[in-house]
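Participant: Given only the sequences and the hints, what does the whole structure look like? Please build it.
Protein chains: 2
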Amino acid sequence: MTTPIDFYFDFSSPYGYFASTRIEEIAAKHGRSVVWRPILLGAVFKLTGQQPLPTIPLKGSYAKHDLARSARLFGVPFKLPTKFPIAGQAPSRAYYWLADRDSVHGRTLAQALYRAYFADDRDISSPEVTANVAAKLGVNREELLQALNDPAVKERLKNEVDAAIERGVFGSPYVVVDGEPFWGSDRLDQVDRWLATKGW
Amino acid sequence: MTTPIDFYFDFSSPYGYFASTRIEEIAAKHGRSVVWRPILLGAVFKLTGQQPLPTIPLKGSYAKHDLARSARLFGVPFKLPTKFPIAGQAPSRAYYWLADRDSVHGRTLAQALYRAYFADDRDISSPEVTANVAAKLGVNREELLQALNDPAVKERLKNEVDAAIERGVFGSPYVVVDGEPFWGSDRLDQVDRWLATKGW
Numbered sequence: 001m002t003t004p005i006d007f008y009f010d011f012s013s014p015y016g017y018f019a020s021t022r023i024e025e026i027a028a029k030h031g032r033s034v035v036w037r038p039i040l041l042g043a044v045f046k047l048t049g050q051q052p053l054p055t056i057p058l059k060g061s062y063a064k065h066d067l068a069r070s071a072r073l074f075g076v077p078f079k080l081p082t083k084f085p086i087a088g089q090a091p092s093r094a095y096y097w098l099a100d101r102d103s104v105h106g107r108t109l110a111q112a113l114y115r116a117y118f119a120d121d122r123d124i125s126s127p128e129v130t131a132n133v134a135a136k137l138g139v140n141r142e143e144l145l146q147a148l149n150d151p152a153v154k155e156r157l158k159n160e161v162d163a164a165i166e167r168g169v170f171g172s173p174y175v176v177v178d179g180e181p182f183w184g185s186d187r188l189d190q191v192d193r194w195l196a197t198k199g200w
Numbered sequence: 001m002t003t004p005i006d007f008y009f010d011f012s013s014p015y016g017y018f019a020s021t022r023i024e025e026i027a028a029k030h031g032r033s034v035v036w037r038p039i040l041l042g043a044v045f046k047l048t049g050q051q052p053l054p055t056i057p058l059k060g061s062y063a064k065h066d067l068a069r070s071a072r073l074f075g076v077p078f079k080l081p082t083k084f085p086i087a088g089q090a091p092s093r094a095y096y097w098l099a100d101r102d103s104v105h106g107r108t109l110a111q112a113l114y115r116a117y118f119a120d121d122r123d124i125s126s127p128e129v130t131a132n133v134a135a136k137l138g139v140n141r142e143e144l145l146q147a148l149n150d151p152a153v154k155e156r157l158k159n160e161v162d163a164a165i166e167r168g169v170f171g172s173p174y175v176v177v178d179g180e181p182f183w184g185s186d187r188l189d190q191v192d193r194w195l196a197t198k199g200w
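Sequence lines, in order, name chains S and C.
The opening position of the first sequence corresponds to residue 1 in this note's numbering, with each subsequent residue numbered one higher.
The opening position of the second sequence corresponds to residue 1 in this note's numbering, with each subsequent residue numbered one higher.
It is worth saying that the hints were derived from the structure and are not from the lab.
Please note that a few of the clues may not be correct.
Remember, identical chains collapse to one label, so a pair may be satisfied in a single copy or spanning two.
Stated by the list, open to error - Straight-line alpha carbon distances no greater than 35 Å define the calculated DSBU-like cross-link-like pairs of lysine-lysine that follow:
| hint | residue 1 | residue 2 |
| --- | --- | --- |
| 1 | Lys136 | Lys64 |
| 2 | Lys59 | Lys79 |
| 3 | Lys46 | Lys158 |
| 4 | Lys136 | Lys158 |
| 5 | Lys198 | Lys83 |
| 6 | Lys158 | Lys198 |
| 7 | Lys136 | Lys79 |
| 8 | Lys29 | Lys136 |
| 9 | Lys29 | Lys79 |
| 10 | Lys198 | Lys136 |
| 11 | Lys64 | Lys79 |
| 12 | Lys83 | Lys154 |
| 13 | Lys154 | Lys59 |
| 14 | Lys154 | Lys136 |
| 15 | Lys46 | Lys64 |
| 16 | Lys198 | Lys29 |
| 17 | Lys158 | Lys79 |
| 18 | Lys46 | Lys59 |
| 19 | Lys136 | Lys83 |
| 20 | Lys59 | Lys158 |
| 21 | Lys79 | Lys154 |
Facilitator: See below:
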């Protein structure tokens with residue numbers, strides 16, 4: 001089977017960031033490719049009534065502790081950003097705009113944006129910051145800034161979010177392998193096993 | 001160190017049930033004991049604003065799918081109960097009443113109650129059903145039914161729930177190893193590693 005794996009994530013999701021550092025390696029091991037699909041959890045949460053992790057009593061403090069501990073365990077550079085969570089419109093639009101022209105370039109940008117936010121504490125919700133990160137990868141800065149305000153690019157993201165909700169995506173990361181959904185960075189070992197065994 | 005591991009769970013929590021089938025083995029591997037501490041997530045959710053899993057749009061359907069898939073992967077007998085979720089007062093009170101007199105007997109009862117609910121679809125929220133499960137283990141049925149209405153036993157459970165919340169417990173299963181908290185059955189491998197390495 002050569003269907004790509006769908007990797008849904010929100011740019012403001014630290015567990016999505018953790019998954020982003022492993023998903024390509026897992027897929028490659030099984031000769032599979034990955035389609036990166038940033039979404040906006042804010043839109044999803046309106047539907048499901050969930051709250052952003054840091055705002056939930058008890059669970060929010062635990063999450064901070066678990067994130068730092070998980071990052072140490074996985075050996076992933078991580079610092080809880082000063083501004084957290086953030087709105088993911090700018091980085092998500094930048095991603096789709098670029099990925100639609102060159103998917104590998106798009107993925108490289110997504111990885112760079114995630115690192116900028118969760119390793120270097122840069123506020124990628126700002127179009128300027130997102131454009132700066134992209135410019136480092138050779139993207140035309142002005143062209144990208146214009147794209148972020150392009151109604152067609154906005155619509156592109158909105159359609160992705162709607163399609164994700166339609167498909168049942170309610171969190172980040174959320175991975176779909178041959179129709180089989182897996183939620184959470186702690187399900188990646190199961191994703192790996194599913195790819196190896198074709199299911200159980 | 002010989003401090004016991006604290007294992008918090010709700011009798012209505014399927015992921016707590018999964019964890020209950022592994023926690024003793026993990027602890028024993030490291031020469032550690034486990035204190036089983038049933039709590040009432042309903043009381044916790046009033047504080048944190050969370051909702052029972054099955055009632056959350058999208059996430060609820062995913063959870064059903066994930067539970068069946070996880071059970072197959074772990075080789076644990078599981079059937080989503082007809083009545084789900086349930087109030088955990090009867091089984092929790094029965095547990096503390098028995099465990100305070102004999103901790104091993106208490107644990108055996110907790111395991112039997114979990115199996116009755118999640119493997120055999122018996123509604124353990126009913127004092128009668130809980131008493132029947134306990135009677136099979138040699139517990140005096142009438143004595144137990146009286147204990148379930150004893151204000152001191154009710155108070156015992158209430159105090160446990162309050163102490164758990166005080167400690168930051170917000171979900172099930174929730175395991176504390178030497179002050180280090182781990183939430184979720186998918187953190188048991190980390191619990192194992194933490195016990196082996198004394199932390200990272």
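Participant: Among the hints numbered above, which are violated by the structure, and what are their numbers in rising order?
Facilitator: 10
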